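*Asks:* Residues per chain are reported as follows:
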Amino acid sequence: MKVKLDKRYPVAASANSAWQFLQDVKSVAACMPGAEITEQSDETHFKGMVKVKVGPVTSTFNGDIEVQGVDAEKKELILLGKGADTKGTSSASMLLTASIQDTADGQCELIGDAEVTVNGKMASFGGRMLDSISDQILQQFADNFANNVIAMGEGAAAEVAAAKVADAPKELNGLAMIWHLITGFFNKLFSRESSQP
Amino acid sequence: MAATAESLERKDKLEGIGCARKRKEDPRFIQGQGLYVDDINLPGMVYGALVRSPHAHARIKSINKEKALALPGVLAVLTADDLKPLSLHWMPTLGSDVQAVLADEKVAFQLQEVAMVIAEERYIAADGVDLVEVEYEELPAIVDPHKSMDADAPIIREDLVGKDEVGHGKRLHDNHIFTWEAGDKDSTDAVFDKAEVTIKEEILNPRVHPCPLETCGCVGSFDKVKGQLTVYMTSQNPHLVRTVLAMLSGIPESKIRVVTNDIGGGFGNKVPVYPGYVVAIVASIVLGRPVKWIESRIENISTTGFARDYHGSAELAADNDGRIKALRFNVLADHGAFNSHVSATKWPAGLFSICTGSYDIATAYVKVDAVYTNKAPGGVAYRCSLRVTEAVYLIERMIDILAQKLDIDKAEIRKRNFIQADQFPYNTSLGWTVDSGNYEPALDKVLKAVDYAGLRKEQAEKRAKGELMGIGISTFTEIVGAGPTKACDILGIGLFDSCEIRVNPTGSAIARMGTQTQGQGHETTYAQIIATELGIPSEEIQVEEGDTDKAPYGAGTWGSRSTPVGGAAVAKAARKIRDKARKIAAHLLEVSEDDLEWDIDQFRVKGVPDQAKTMKEIAMAAYSNIPDGMENGLEAVDYYDPPNFTFPFGAYVCVVDIDPKTGEAKIRRFYALDDCGTRINDMIIEGQVHGGLTEALAVAMGQLIDFDEDGNLLGNSLMDYYLPTTVETPHWETDYTVTPSPHHPLGAKGVAESPHVGGIPCFSNAVIDALSHLGVTHVDMPHTAHRIWKKLHELGAN
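Here the protein sequences line up with chains A and B, keeping their order. The first sequence runs 1 to 197 under the working numbering. The second sequence runs 1001 to 1798 under the working numbering.
Derived by calculation from the structure, the hints in this document are not laboratory data. Don't take each hint at face value.
To be verified - Straight-line alpha carbon distances no greater than 35 Å define the calculated DSBU-like cross-link-like pairs of lysine-lysine that follow:
id: 1; chain 1: B; residue 1: Lys1457; chain 2: B; residue 2: Lys1790
id: 2; chain 1: A; residue 1: Lys26; chain 2: B; residue 2: Lys1061
id: 3; chain 1: B; residue 1: Lys1661; chain 2: A; residue 2: Lys2
id: 4; chain 1: B; residue 1: Lys1147; chain 2: B; residue 2: Lys1061
id: 5; chain 1: A; residue 1: Lys53; chain 2: B; residue 2: Lys1061
id: 6; chain 1: B; residue 1: Lys1147; chain 2: A; residue 2: Lys4
id: 7; chain 1: B; residue 1: Lys1067; chain 2: A; residue 2: Lys87
id: 8; chain 1: A; residue 1: Lys47; chain 2: B; residue 2: Lys1067
id: 9; chain 1: B; residue 1: Lys1791; chain 2: A; residue 2: Lys51
id: 10; chain 1: B; residue 1: Lys1061; chain 2: A; residue 2: Lys2
id: 11; chain 1: A; residue 1: Lys51; chain 2: A; residue 2: Lys26
id: 12; chain 1: A; residue 1: Lys51; chain 2: A; residue 2: Lys82
id: 13; chain 1: B; residue 1: Lys1226; chain 2: A; residue 2: Lys82
id: 14; chain 1: B; residue 1: Lys1061; chain 2: A; residue 2: Lys47
id: 15; chain 1: B; residue 1: Lys1791; chain 2: A; residue 2: Lys4
id: 16; chain 1: A; residue 1: Lys2; chain 2: B; residue 2: Lys1255
id: 17; chain 1: B; residue 1: Lys1572; chain 2: A; residue 2: Lys7
id: 18; chain 1: B; residue 1: Lys1226; chain 2: B; residue 2: Lys1255
id: 19; chain 1: B; residue 1: Lys1163; chain 2: B; residue 2: Lys1367
id: 20; chain 1: B; residue 1: Lys1791; chain 2: A; residue 2: Lys82
id: 21; chain 1: A; residue 1: Lys87; chain 2: B; residue 2: Lys1084
id: 22; chain 1: B; residue 1: Lys1061; chain 2: A; residue 2: Lys4
id: 23; chain 1: A; residue 1: Lys2; chain 2: B; residue 2: Lys1791
id: 24; chain 1: A; residue 1: Lys87; chain 2: A; residue 2: Lys26
id: 25; chain 1: A; residue 1: Lys87; chain 2: B; residue 2: Lys1147
id: 26; chain 1: B; residue 1: Lys1661; chain 2: A; residue 2: Lys4
id: 27; chain 1: B; residue 1: Lys1790; chain 2: A; residue 2: Lys4
id: 28; chain 1: B; residue 1: Lys1661; chain 2: B; residue 2: Lys1457
id: 29; chain 1: A; residue 1: Lys87; chain 2: B; residue 2: Lys1791
id: 30; chain 1: B; residue 1: Lys1791; chain 2: A; residue 2: Lys7
id: 31; chain 1: A; residue 1: Lys82; chain 2: B; residue 2: Lys1061
id: 32; chain 1: A; residue 1: Lys51; chain 2: B; residue 2: Lys1067
id: 33; chain 1: B; residue 1: Lys1067; chain 2: A; residue 2: Lys26
id: 34; chain 1: B; residue 1: Lys1022; chain 2: B; residue 2: Lys1661
id: 35; chain 1: B; residue 1: Lys1147; chain 2: A; residue 2: Lys82
id: 36; chain 1: A; residue 1: Lys2; chain 2: B; residue 2: Lys1462
id: 37; chain 1: A; residue 1: Lys53; chain 2: B; residue 2: Lys1024
id: 38; chain 1: B; residue 1: Lys1147; chain 2: A; residue 2: Lys2
Note that this is a predicted model, so its numbers are computed, not measured.
Bound-form chain A, shown alone (with noise of 0.2 Å):
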């Protein structure tokens, strides 16, 4: 099961603040909600963990990062993520393109262009809703690495984004994310009906 991703997020800081950011693996995994990089074995190579909890019980995913380049010119950043459940039912693995661009107020902009591949029982049961689900986390993902960003930088705003970061939920909490998906199907269909003439 494969779902591909090609997303931009803004970033309300500079281009390079932002790209020094991504070139610091540990930070952006931390970014991932749910994650952290638990060991690095050489340049760039890590291993880490993600824990996602669904209801009463929650799963840790144990894997394998490995940075395939870093472009500074492009501002660019290919990670590959592979990791399977301890309970050895479901894997997965995603490789990221992400990259930094100016936009022409000054800030920048986070592109992310993600292959997702699941296996296992999560495909079986969420496979639909992979889509859904990857944008959910994709989106926290991008929330989270902003406002890193911006709380590298000074004054009012790097502390409300400070405290955020503080405040980020530290485990991947899949039934909030099923309620973002209903929620979001929801507003998407009513949007559609009052669009109609």
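Add chain B to chain A, keeping to what the hints say.
*Replies:* Using the frame of chain A, we list chain B on its own:
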């Protein structure tokens, strides 16, 4: 006349053949007193749970048991390496292949069995499964069978590399299993070359699963002191399982006892021997304790015997009047990762060559190529004889397509092609001898009952208004009752079946059978046969099955073989007893045997009706007062080897209304006429027809085992897999004609599978008929609202 009234009353009291007697099984089921395998609890029993692969195709790099073994209550973790010293890590399949019991170095389908955790409690075993660490290296998976034989296709079965045969002739590729052919290719091609009309259609019988309410499971219990193995399990064929277990384990067959108590539905799913059974039994031998293993619903749907997955390319050649001149069917069969296809040894594609159906088709050729894919193994006959649904679906769809092509009415074209009543026994061009049939009167009866002409008129009016209404017809012929031992065996054992009857001194009787009920009502109907044959009331006849220590050997219940084979054995055993009873009666009445005649429940002297001995009196005499030279007792056993299969048939009509906006197909009416020859119990037949039609509805309208391109099973719980409930099930109208089988002792043919086999094409024909005026000739099942809507959308019709 008083005598007639009196004899009628005596006859009624027996509740014999033809009586709509209530099912003897039901009181215990209704009161929750059934005994299923999960109800078995033995002292010291422990539990097994399976570790399964999340990948469809992967190499196993390592298995780490340590964490699981450290969990308190976990007794053992078994892997292929543990089974190797016993040579039990692979097992033979019914398709002449081998199957990994626990994955040996690689996995070839998602949720394949990798290890079993044995623990003191069921929940501990499940927790233990989570702690077994398996490291995989993923391999590319083949999901589409059309890609199995590509030059660069990954090899699924490395264990078979270099073998140019897997039991059924030459292989053409490492992922090829066999090619099977029937009929005359050259003369078929010749007829096609000069035919007035030819049609061709790609028709899929998609992968589905029988999904019985009770999943599979067993309790293996090895007594180390006596060296005896007892296995309680869900099996449609306990005797064959005992033989397989003896072959696998080396334990003498006399020391193995297989017990199947009540079974909650089989539908072909409970014919094979599954890895879970084997590992649970090995675990019991190793630990010296009873081991219970029960599948979850997801495990059942994902890994045990699926059905169908036959990708057909069907062709008919005909003249301009719609008379079929030749048939050519080519099939690509997806057998999954191991060929565990359930079939008689000589029939790798089952009885698929019954695909000429009810029609007089002089020339035909069929070819089936089976291939491996990274999907669960199987190929069981889901409520049908081996590959008969696939065959009937193809011919019943194709004759509709021919009618559309020639603009001939779909009932009329069937009549033009029917085998006529005076042609029976009829030899088909693919080698079968159809025992009896009378097709046209059956169809006429149905057309009249539903006012077919009126329905077509209504359809024309609706079409004019843009409404979608379809009329489906199916006039099928089934082949059941496997089968003559000269043609059919499994693992070298002929497909006869058996019955042993003992009449007690006080006149009641017990019958033990080689068949195995899974809900068919054998305790009720077999007793009725004996009641009529021996004049003993049904109520006093006990029928027992499913304990290999008690019952005579038989091949079990599948392929509608209970009545055609088992039922015949009952009649023949009863007749052996009656022959002895006649001798005893002659002795008691001091007359010659020839002077006696059988009268319901007694032998009486011809012309002197008050000189008679009832079966009850004879039974007592058998234990006390017998003629010189005779042995005591009143019992017989019969092993019945049928001379031929039986060929039940039917005529069905389905009326469907489709909502063009949502694509929802509503079954307005379904009329099913079945001819299963002599009818033993109308109520049970009707129940079987209701069940078979409901499963036909399930397959035609909703069931599908679907995969993504990596071999992930999409939807393996009842959240996704369609099981119709009373809410979705329409009202079934049933009817019958009676055309007895000439070679069966009772003239009976078997009925349980006809409604499934005949029902599926009838639903499809109705749905497609509703779209035929839009130029649609075929749409693959299942006809879910979404798929119909998509088709209508494609056509611009909604």
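*Asks:* All the hints need checking, so say for each whether the structure fits it.
*Replies:* Here is what the structure says about each hint:
With a C-alpha separation of about 28 Å, the suggested pair B/Lys1457 and B/Lys1790 falls inside the 35 Å cut-off, and the hint holds. Taking the CA atoms of A/Lys26 and B/Lys1061, the gap is near 29 Å; set against the 35 Å cutoff, the hint holds. This hinted pair checks out: B/Lys1661 and A/Lys2 have alpha carbons roughly 31 Å apart, not beyond 35 Å. Distance restraint check for B/Lys1147 and B/Lys1061: the Cα-Cα separation of roughly 27 Å lies within the 35 Å cut-off, and the hinted pair is therefore satisfied.
Restraint check for A/Lys53 and B/Lys1061: the C-alpha separation of about 29 Å stays at or below 35 Å, so the hint holds. About 24 Å separates the Cα atoms of B/Lys1147 and A/Lys4, which keeps this hinted pair within 35 Å; it holds. A C-alpha spacing of about 12 Å is found between B/Lys1067 and A/Lys87, which places the hinted pair at or below 35 Å, so the restraint holds. Restraint check for A/Lys47 and B/Lys1067: satisfied, since their Cα atoms lie roughly 21 Å apart, inside the 35 Å limit.
Among the hinted pairs, B/Lys1791 with A/Lys51 is inconsistent with the structure: their alpha-carbon atoms are about 42 Å apart, more than 35 Å. As the CA atoms of B/Lys1061 and A/Lys2 are separated by approximately 25 Å, the hinted pair is consistent with the 35 Å bound. The suggested pairing of A/Lys51 with A/Lys26 holds, with an alpha-carbon distance near 16 Å, which does not exceed 35 Å. At roughly 14 Å between alpha-carbon atoms, A/Lys51 and A/Lys82 fall within 35 Å of each other, so this suggested pair holds.
Distance check on the hinted pair: B/Lys1226 and A/Lys82 sit about 52 Å apart at the alpha-carbon level, beyond 35 Å; violated. Taking the CA atoms of B/Lys1061 and A/Lys47, the gap is near 19 Å; set against the 35 Å cutoff, the hint holds. Distance hint between B/Lys1791 and A/Lys4 is fulfilled; the C-alpha atoms sit about 27 Å from each other, no more than 35 Å. Of the pairs offered as hints, the one joining A/Lys2 and B/Lys1255 is violated, with about 52 Å between alpha carbons and a cut-off of 35 Å exceeded.
Taking the CA atoms of B/Lys1572 and A/Lys7, the gap is about 76 Å. The hint is violated against a cut of 35 Å. For the suggested pair B/Lys1226 and B/Lys1255, the alpha carbons sit about 9 Å apart, so the restraint of at most 35 Å is met. Our distance criterion of 35 Å between C-alpha atoms is met by B/Lys1163 and B/Lys1367, whose separation comes to about 22 Å. For the hint linking B/Lys1791 to A/Lys82, the alpha-carbon distance of about 39 Å lies beyond 35 Å, and the restraint is violated.
For the given pair, A/Lys87 sits about 25 Å from B/Lys1084 by alpha-carbon distance, which is consistent with the 35 Å threshold. Annotation: proposed proximity of B/Lys1061 to A/Lys4 holds, straight-line Cα distance about 29 Å (limit 35 Å). Note on A/Lys2 and B/Lys1791: the hinted pairing holds, with a Cα-Cα distance of about 25 Å set against a maximum of 35 Å. With a C-alpha separation of about 25 Å, the suggested pairing of A/Lys87 with A/Lys26 holds against the 35 Å cut-off.
Annotation: proposed proximity of A/Lys87 to B/Lys1147 holds, straight-line Cα distance about 32 Å (limit 35 Å). Annotation: proposed proximity of B/Lys1661 to A/Lys4 holds, straight-line Cα distance about 31 Å (limit 35 Å). With a C-alpha separation of about 24 Å, the suggested pairing of B/Lys1790 with A/Lys4 holds against the 35 Å cut-off. Under the criterion of a C-alpha separation no larger than 35 Å, the hint pairing B/Lys1661 with B/Lys1457 is consistent with the structure, at around 23 Å.
For the proposed pair A/Lys87 and B/Lys1791, the alpha carbon gap of about 41 Å is over 35 Å, so the pair is violated. For the hint pairing B/Lys1791 with A/Lys7, the CA-to-CA distance comes to about 32 Å; that is within 35 Å, so the pair holds. Taking the CA atoms of A/Lys82 and B/Lys1061, the gap is about 16 Å. The hint holds against a cut of 35 Å. Proximity of A/Lys51 to B/Lys1067 is assessed by CA-CA distance (about 20 Å); at most 35 Å being required, the pair is judged to hold.
A threshold of 35 Å between alpha carbons decides the hint, and for B/Lys1067 with A/Lys26 the separation of about 29 Å falls inside it, so the pair holds. Taken as a hint, the B/Lys1022 and B/Lys1661 pair is broken in the structure, with Cα atoms around 45 Å apart against an allowance of 35 Å. Of the supplied pair hints, the one linking B/Lys1147 and A/Lys82 holds, its CA atoms being roughly 27 Å apart against a limit of 35 Å. Restraint check for A/Lys2 and B/Lys1462: not satisfied, since their Cα atoms lie roughly 44 Å apart, outside the 35 Å limit.
In summary, the hint linking A/Lys53 to B/Lys1024 is not supported, as the alpha carbons are separated by about 50 Å, beyond the 35 Å threshold. Distance check on the hinted pair: B/Lys1147 and A/Lys2 sit about 20 Å apart at the alpha-carbon level, within 35 Å; holds.
Hints 9, 13, 16, 17, 20, 29, 34, 36 and 37, counting from the list given before, are not met by this structure.
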